[in-house]
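Protein chains in written order, with the working numbering: chain A, 8 to 220; chain B, 119 to 376.
Think of the hints as simulated: they come from the structure by calculation, not from any bench.
Just to be clear, a hint being listed does not mean it is correct.
[As the list claims (entries may be wrong)] The calculated SDA-like cross-link candidates involving lysine to any residue, where the alpha carbons are at most 25 Å apart (straight line), are:
hint: 1; chain 1: A; residue 1: 172; chain 2: B; residue 2: 204
hint: 2; chain 1: A; residue 1: 167; chain 2: B; residue 2: 283
hint: 3; chain 1: A; residue 1: 172; chain 2: B; residue 2: 219
hint: 4; chain 1: A; residue 1: 167; chain 2: B; residue 2: 360
hint: 5; chain 1: B; residue 1: 242; chain 2: B; residue 2: 204
hint: 6; chain 1: A; residue 1: 167; chain 2: B; residue 2: 249
hint: 7; chain 1: A; residue 1: 172; chain 2: B; residue 2: 308
hint: 8; chain 1: A; residue 1: 167; chain 2: B; residue 2: 362
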Amino acid sequence: MSIEAAPHSTDLRQPAAVAAVIHPRWVRVTHWINALAMFMMIGSGWQIYDASPLFDFLNFPPQLALGGWLAGALLWHFAAMWLLVVNGIVYVTLGFATGRFHRKLLPIKPRAVVRDFLAALRGRLSHDDLTVYNSVQRLLYAGVLLAGVVIVLSGLSIWKPVQFKYLTALFGGYDTARYVHFFAMAAIVAFLTIHVALAFIVPKSLRAIIFGR
Amino acid sequence: MPQKRKAPTGIDAKLLIKDAAKLLPQPSRRLFLRGTLSVGSLAMLTGCDIVDGPTAENALRVISRFNDRVQALLFSESTLAPEYPESAITRPFPFNAYYSPDEAPDIDGESYRLEIGGLVDNKKAWTLAELGSMPRVSQITRLVCVEGWSAIGSWQGVRLSDFLKLIGADLRARYVWFQCAEGYSNTIDMPTALHPQTQLTLQFDRHTLPIAYGFPIKIRIPTKLGFKNPKYVTAMWVQNNDAGGYWENQGYNWFSGL
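Excised from the complex, chain B in its bound form (with noise of 0.2 Å):
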C-alpha cells in the first residue's frame, strides 16, 4: 500500500523557496487600490469616486463575478486540457504554496481519512487504502499558476466524477467545497467536478504523492489555475452555496478557468 510517505524526490530547493515566497501574502493586499493613486492619473476619469478605494473594488468584483458566468459558457466538459508525453514533464516540478515547504502538512496516511459532506447518500469516511482500490485514471498535462508560469505534470487517481457517483452525490447540486489539512479551502462548479479530467489524485509521476505536492490527496483540475487544484484535501462537501476560497476570498477569480 502505498501510505508511507517518501521524501519529494527531485525537487531544487532553491527552487522551492522562490516559489513560495512569490505567493506570500503582502500586508497590502487588501488596499490593492492604493498604489494606483499614486499614478495620478486615474484621476482623470473621475467625476465620480473611482479613485476611492473600496468604491473601484466592489465594480471590479461586480466585473469579476461577471466574468465567472462567461467563463462558465465557455466551459465544456467535452473539451479536453491537452495531454503530453512523458519526457514533457517539468523536473523538478515546481512546490507552489502561501508558505515554504517544511510548513507543508505532514499528514499520517495510516490514520488519514477523507471526510465527506452535504448532499451526499453514503458520508461514510473514506481511507487510503479504499481509495487506492478504486480504478486509477492518469494524466500528463499542463499546470497553469496565475502568476503566469506553468509546469507540465503526471498525475494518478480516481476520476472524480466516478467518485461522486459512487458515494451517491447530488450531480445537480452547484458546487463541491474541499477543506485541506492546512486551512486551505476551495469551491469548484459541478459541471467542472464532473469533467472526465478532474481527478482525485493519489499519485504524482506514479509514485505516492509528495508532501510538496499534496500527500495525501490533491484535487487535479487541467481546466482551472493552479490555485484551483487544492492539496493536503481531508473532506468534500458536496453542496448548492458557495463557500469560496482562500485566494478566491481575497480577490483572485473565483472561476478562474482555462
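Isolated chain A, as found in the complex (with noise of 0.2 Å):
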C-alpha cells in the first residue's frame, strides 16, 4: 500500500509550498552575509563602547565583545563596515527594483498593527501563509530598515567628524551622533532578540529563509 501511494504522495503532500517561493535566493544571501555583518558589527561595537561608556550603569561584559581590546574591536568594527555596508546596498537597491519591499512592507496601518499585535500576544496570529507578512511584521521591518540606515550615516559621522561634518551637524553634532549610533544599535538588538526567538518559535520561518520554501 505504501509503495503504492508513494509517488502521489510527493505531489500531493505540500502543493503550497512547492509552488510559492517565500524568500529568493538574493534575499536569503543578503540575510546571511547581513547576519554576519551584523555579529562582528555589533560585539566590536560593544567593545568600542566599553572604551568610554556613554551610561555609567552600562558596559558590555568582555565575554559578549569581539577584538578582546579598543585596537582589535576597532580593526573588526572598520572592516565589518565594508560588509555590511557594500550587502545592505545590494539588499536595499534589489528590495526596492523587484519591488519586494512595495509588495511585502506596504501598506502598514495603525489599526492593523495593533489588531495584529493583540492577536500576537493572545497566540492567535495564524502563521499559515508566511509569504504575506502580518502588520507586525511589516512595521517592525520596515522599521529595523529605517535603523539600519540611520545606524551607517550617525557611524559615518562619527567615524569622518570633519570630513563629513554637514552630516555630523545633521545629527546635532559628534557627541550626540554618538547617542544615536548607541540607540540605532539598540532598536537593532531588540528587533534581533524578537527576530531570533519568533524564528524559534516558528520553525518553517526559519527552514524559509535557508532554503527559500
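With the hints in hand, could you dock these two chains into one complex?
And the structure:
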C-alpha cells in the first residue's frame, strides 16, 4: 500500500509549499551575509563602547564583545563595515528594484498593527502563509531598515566628523551622533531579540530563510 | 618669554587619573583575538582558520591599511575642522596618556631644542624663543579620542606648513615623523602636515602649554584622532619611509583621520 501511495504523495503532500518561493535566493544570501556583518559590528561595537561608556550603569561584558581590546575591536568594526554597507546597498537596491519592499511591507496601517499585535499576544496570529507579512512584521521590518540607515549614517558622522562635518551637524554634532549611533544599535538588538526568538517559535520561517520555501 | 613652566591650571585630579588609566596598555593587547574565541560563534565562519589569532589579525591589518588609503582619498586640505567659540571650551580639559600625569616628561624650557632632520635644507635645532617669535595662529577645535569621548580646546602656535616651508623641507616627501621626550612617536602623511589647521603648538588657551598638555611642544592636528597629536615633541623628521608610531604599531589604524 505504501509503495503504491508513494509516487502520489510527493505531489500532493505540500502543493502550496512547492509552488510558493517565500524568500528568493538574493534575499537569503544578503540576509545571512547581513547576519554575519551584524554579529561582527555589534560585538566589536560593544567593545568600543566600553572604552568610553555613555552610561555609568552600562558596560558590556568582555565575553560578549569582539576584539579583546579597543584596537582589536576597531579593526573588526572598520573591516566589517564594508561587508555591512556593500551587502546593505545590494539588498536595499534589489528590495526596491524587484518591488519586494513595496509588496511585502506596505501598507502599514496603525489599526491593523494594533489588531495583529493583540492577536500575537494571545497567540492567535496565523503563520499559515509565510509569504504574507502581518502588520506587526511589516512595521518591524520597515523599522529595522530605517534603524539600519540611521546606524550607518550616524556611524559615518562619528568616523569622519571633519570630512563629513555637515552629516555630523545633521545628527546634532559629534557627541550627540554617538548617542544616536548607540540607540540605533539598541533598536536593532531589540529587533534581533524578537526576530530570533520568533524564528525558533515558528521553525518553518527559519527553514524558509535557509532553503527559500 | 614663555619658557618658564606653569603648573597646569584647572585640571581635575580625579579626571586625570581616570583618563590616564583607560589607555594603559593591557598585557593581553597583542592577543586581541583571544576574547573572541570564547564567543564560539565565530567558528561558524570557518572552513579556513580565521579563528587562528595571527591569521585573522593579519587579515584585519590588511583591511586597516586599505582603510588608510580610503581615508587619504577622503581627506581634503581645504576641508577645515569646525571651530568653536571660547564658551565651548571643555573645562577642565582632560589629560590623556598611557601614563599618569606625574609621570609626564618634565622638560627644561631653557635648554630645550627642537631637533630637525631628514629631507630638510636647514637642519638647525630650534629654541623655544625662536619658535615663539614666529607668526602665531590660533584655533578652538574638538579633540576626538580614539576611545570615543571628545573635548574642545584652544591651541595657539605656528602653522606647521609655514614652519616646514621656512626650514626648506621637501614638501613632496611622504611623511613627517615626530619623536617625543617620553618615547612616544607618530608618523603623519604630508598632506595632513600641510593642512592649514595643523599646528606646531606652544600654548593652550593662550597660556604656555602646561606639562599635562605637552610642554614644550604639541602637534595639534584637528583632522586626526587625539593619539595622532603628539605631545612633548623633541624631534621632527621629514622622510619617505613610514616610521610608524606608538599606538599605530600596536594595531590602531595608521591614518586615523577625522
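Status of the hints after comparison with the structure:
Distance check on the hinted pair: residue 172 of chain A and residue 204 of chain B sit about 20 Å apart at the alpha-carbon level, within 25 Å; holds. Of the pairs offered as hints, the one joining residue 167 of chain A and residue 283 of chain B is violated, with about 29 Å between alpha carbons and a cut-off of 25 Å exceeded. Note on residue 172 of chain A and residue 219 of chain B: the hinted pairing is violated, with a Cα-Cα distance of about 33 Å set against a maximum of 25 Å. Straight-line distance between C-alpha atoms of residue 167 of chain A and residue 360 of chain B comes to about 23 Å, which keeps the hinted pair within the 25 Å bound.
Among the hinted pairs, residue 242 of chain B with residue 204 of chain B is inconsistent with the structure: their alpha-carbon atoms are about 36 Å apart, more than 25 Å. A C-alpha spacing of about 32 Å is found between residue 167 of chain A and residue 249 of chain B, which places the hinted pair above 25 Å, so the restraint is violated. Restraint check: the Cα-Cα separation between residue 172 of chain A and residue 308 of chain B comes to about 22 Å, which is no more than 25 Å; the hinted pair holds. At roughly 22 Å between alpha-carbon atoms, residue 167 of chain A and residue 362 of chain B fall within 25 Å of each other, so this suggested pair holds.
The earlier numbered hints that this structure contradicts are 2, 3, 5, 6.
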